[in-house]
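Once you've looked at the hints, dock chain A against the given chain Z.
Note that the protein sequences, when read in sequence, are chains Z and A. Offset between the first sequence (1-based) and the numbering used here: plus 22. Offset between the second sequence (1-based) and the numbering used here: plus 22.
Please note: incorrect hints may appear among the correct ones.
All copies of an identical chain are treated as equivalent in the list; a pair is satisfied when it fits inside any one copy or across any two copies.
Calculated cross-link-like contacts (lysine-lysine; reagent style DSS-like; alpha-carbon spacing at most 30 angstroms) [what the hints assert, rightly or not]:
#, residue 1, residue 2
1, Lys307, Lys155
2, Lys549, Lys144
3, Lys198, Lys540
4, Lys550, Lys439
5, Lys549, Lys507
It is worth saying that the hints were derived from the structure and are not from the lab. In this text, all values refer to a predicted model and were calculated from it rather than measured experimentally.
2 protein chains.
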Amino acid sequence: MTSIYETRVRDLRNVLRDHQLDGFIIPRGDEHLGEYVANSSERLAFISGFTGSAGLAIVLLNRAVVFSDGRYALQLESETDPAVWERLHMIETPPEAWLKEQAAGLRIGYDPRLISADALKKFEAETLYPVIKNPVDEIWADRPAAPTAPALPHDLRFAGEDAGAKRARLAQTLAKEGQDAALLTDPASVAWLFNLRGGDVPFTPVALSFAILHADASATLFIAAAKLSDELRLHLGNAVEIAEPDRMEEVLARFAGKTVRYDPATMPVWFKTNLEDAGAIIAAKSDPVSLPRAIKNTTEQDGARAAHLRDGVAMVRFLAWLAKVAPLGRETEVSAAERLLEYRRRGAFFKGESFPAISGAGEHGAIIHYRVNPQSNRPLNPDEVYLIDSGAQYSDGTTDVTRTVWTGPSAAPQVIKEHVTRVLAGHIAISAAVFPEGVAGSHLDALARMALWQEGLDYDHGTGHGVGSYLSVHEGPAGISRAAKPVPLQEGMILSNEPGYYLPGAYGIRLENLELVKPAHFPGGTKKFLCFETLTLAPFDRALIDASMLSTQALRWLNQYHSRVSEVLSPLLTGPDDDFAREWLKAATAAI
Amino acid sequence: MTSIYETRVRDLRNVLRDHQLDGFIIPRGDEHLGEYVANSSERLAFISGFTGSAGLAIVLLNRAVVFSDGRYALQLESETDPAVWERLHMIETPPEAWLKEQAAGLRIGYDPRLISADALKKFEAETLYPVIKNPVDEIWADRPAAPTAPALPHDLRFAGEDAGAKRARLAQTLAKEGQDAALLTDPASVAWLFNLRGGDVPFTPVALSFAILHADASATLFIAAAKLSDELRLHLGNAVEIAEPDRMEEVLARFAGKTVRYDPATMPVWFKTNLEDAGAIIAAKSDPVSLPRAIKNTTEQDGARAAHLRDGVAMVRFLAWLAKVAPLGRETEVSAAERLLEYRRRGAFFKGESFPAISGAGEHGAIIHYRVNPQSNRPLNPDEVYLIDSGAQYSDGTTDVTRTVWTGPSAAPQVIKEHVTRVLAGHIAISAAVFPEGVAGSHLDALARMALWQEGLDYDHGTGHGVGSYLSVHEGPAGISRAAKPVPLQEGMILSNEPGYYLPGAYGIRLENLELVKPAHFPGGTKKFLCFETLTLAPFDRALIDASMLSTQALRWLNQYHSRVSEVLSPLLTGPDDDFAREWLKAATAAI
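Okay, chain Z solo, but in the shape it has when bound (with noise of 0.2 angstroms):
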């Protein structure tokens, strides 16, 4: 039998022999190059199958090739037609080193408008041939319409600062560095700047959408007008020039001898092909809307502290829900996070999960991006781990939160519990540090994992990503990573703190909570010092500590951060089914 996918690469390869072409590259993202895609741009799925958030695909003529990373190895095995695709790790082998060994003197094509400069770069670029029409587009006949979910203002009593007076900010900045205009490509660049979400791809309520902001505080924004509604307009104003995204190329041949500024880590070489084409010099520097994002106001700070209170309460319910029916053994992956979110979606400006949920058992916990789902579904069982990893969007914040509890009704083996507490004892040391101005998250990671690195233990993600503001759950340019470039830590970036660690096969541990950093005073100190406040409200489970290992500061933490969790969330847990939620409280913060 012919499967759905050798027909669909069979079919591409006629339209690549058409356009004289040996093959063609098939990126995973769309043309923001960001986390989430529109089922529109699932192109990578459409004709391969695999559907993970990391992975390219390579068809040439008498081969395909399809390339994931160690995250998705079974998930790539799983979903691909080992007829049809040779399954590659892109770690162990790049596509670019692939290409280069297995298509020199190939004519390969790519589509400008879906790969960063910084990435076609790493091609030998000379040899690829930018195709505008993109072939799997000219043989995906049912291909779903790009989403047009409706465009709405961001209220200013969420974002704090009127979107006029953020182009005006920015545009000075543009001014100073002497550029006449910025390019953003990220959605989530443009819902900031014009203070404006939509719905068109999951978790992240942007609406897809281009925009230039000039040095004169005015700005284009391309954006299909089918997403506009009056009130949208209305809260643009007249400063805001509106076209459809197709108009994009006419309006860059506009910047002859302009200088404008473009990144080509994120933006796709496209725009910088036009610009060039149509004359304009590139300032080649990061998307200006970046760190003024990563910087939250005080009225992002206040609705983030508000948001993680309603968080807050449904985590209680839900931990507290779980204490209860865990032994039982009759819940499972799935019920629990559906139970998790329903709770979640009793709280004020609720607007949806921020991300899928982690929920795993076992050894499903093991699995860093492990996604539930009915096939993996299992239940949870008395006596093991479990991990979960969930996150929901308000209009006043975005959430992010883990814990790592034991099912019960036995106590939790020793070995599990020192290493759940080195794991927090790492989760602590983040969470008290004090630091001066200039210090970045790359020279906090070590704190994070001394613990663990004490007895020859590592977990092997970052140990926090920046967190927007009823926006990107993951968001740049600060993180607690030393991959990362070091972005010094600023008042008002929101930063996750979740070390892990995971035992494949047996069980995983992470514990995250939000960090604000804020200011940390000395009486009469020179320099400006930092530190960071919890946003996060949830306890962590006593039945996996072992205090005797946490130096007297850290149970200190750990103790005063429980007290706050019971005297801040127990006066919001008033429901008719609350009082048990409130008892389980009492007795999970009480003291250690």
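Coordinates of chain A only, in the frame set by chain Z:
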């Protein structure tokens, strides 16, 4: 009265006019751009009087300005004539910015042998003119002759790897990277590669020289014949061509069409220009010796351990003596430093100090780069803090150790003990760190500071630098500093661990040991982990430690370290006057 500097600047201006120059840049470095320079290259001191290790002068026809940094602000004021020189802070007013503003359109000369390609780039290089014959030398009538200290073989029992094997090993790297040859301009690189040592500059046992390593493992060594003994010629062997340094230009001209590795950060631009003029292709990469030199082989590691035993004996004799005499108030900063040097001289293989000792009582200790001299010398008073940072060159290793002691006889004030204990906590956090391969010193720096940061305190210097093996006490490329490029720590590297705290006008604290990077073994581990072996052996002053502020683990580390110091050094304290030192050591290292 006309000062000699007024005369010299006037004479220099006359020479500049002869050369049709409007000004000339006089950096502090010589053609090796290293830390110490020979008297014959002290052009900055000759023209300005300033003798600090960081400085640069610019002489225009009507103005003369000399720059240094905050460490040398007072020294700059006192050593230079305000009637001749404007004195500026090179961080607040970078020379390149000053020149751009104050000398626009003028014809400014520089000596291309005394500035790196990268440093030159910071200036608007197109406005500067290379001058081959340095105008300062033209007016320097009594310029000392270049040093001609004998260069001698560094014995294989100390070096651990034959020079031919080193050349073969590095030549492989060159060949692999497609380089025909590599230039070496750092005398410490030359010393390491050829297993030779010299005495041309103070404190670092190098012979001023250059070299070219060829991809076939042969080499050309540019060194004055006056420094060469028959023994060294024999040691170098036939694969090493020997040439006078003034033949450099002629030899570089042989590289037409060849690819030559050149480090634009550390090598004079003169070499780059000559290579390019000769038609060579420049491969801009780091000095190929830099990393191999930092990774000590097992012979060098054993040598370091042995050298630290002798250095530890000297330190204990010194500290014991100090404990006896300090409360009497009859010693001075100079007499104490001389006493320590005297004890060191008794050790086998002692060659000299590895840097000028920093011997700072009370407020002098707060001057991070304090250098005692007859003018600044002051008594060690009873009941104050005394800081001594010193080190030695032994044939088998280089040492660098700092201790901070309370002179007594009264108990130290609690506030000082708190500061010292926070510094000690940071020192121990580094010493006890365990970390996977790939981690750099920049990732560990925060560990050393966190106990201080928690109180809004910090120190304005790096936590640690690399240390050579009977070579430079300050050696790249690895260090423990956020400012440095992250260079992963590797087994065999030796780094200093020296957090501090300075209260200007009152006292300075610094606690420094050298640490050897070695593997940390964990049963069943898959990742390679590293940790530190502390080389330095000397007690920390118990009078300044508040044990109640240390974590259980930190206190355990301290007691274990002290017990090791006592066990290892006691049996070596067998001199006629060592009874007191042995008794003192026992008490100084008793468990807290």
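Structure-based check of each hint:
no.	hint	result
1	Lys307 with Lys155	within (28 angstroms within a copy, 42 angstroms between copies)
2	Lys549 with Lys144	between (42 angstroms within a copy, 29 angstroms between copies)
3	Lys198 with Lys540	within (28 angstroms within a copy, 50 angstroms between copies)
4	Lys550 with Lys439	between (38 angstroms within a copy, 24 angstroms between copies)
5	Lys549 with Lys507	both (24 angstroms within a copy, 24 angstroms between copies)
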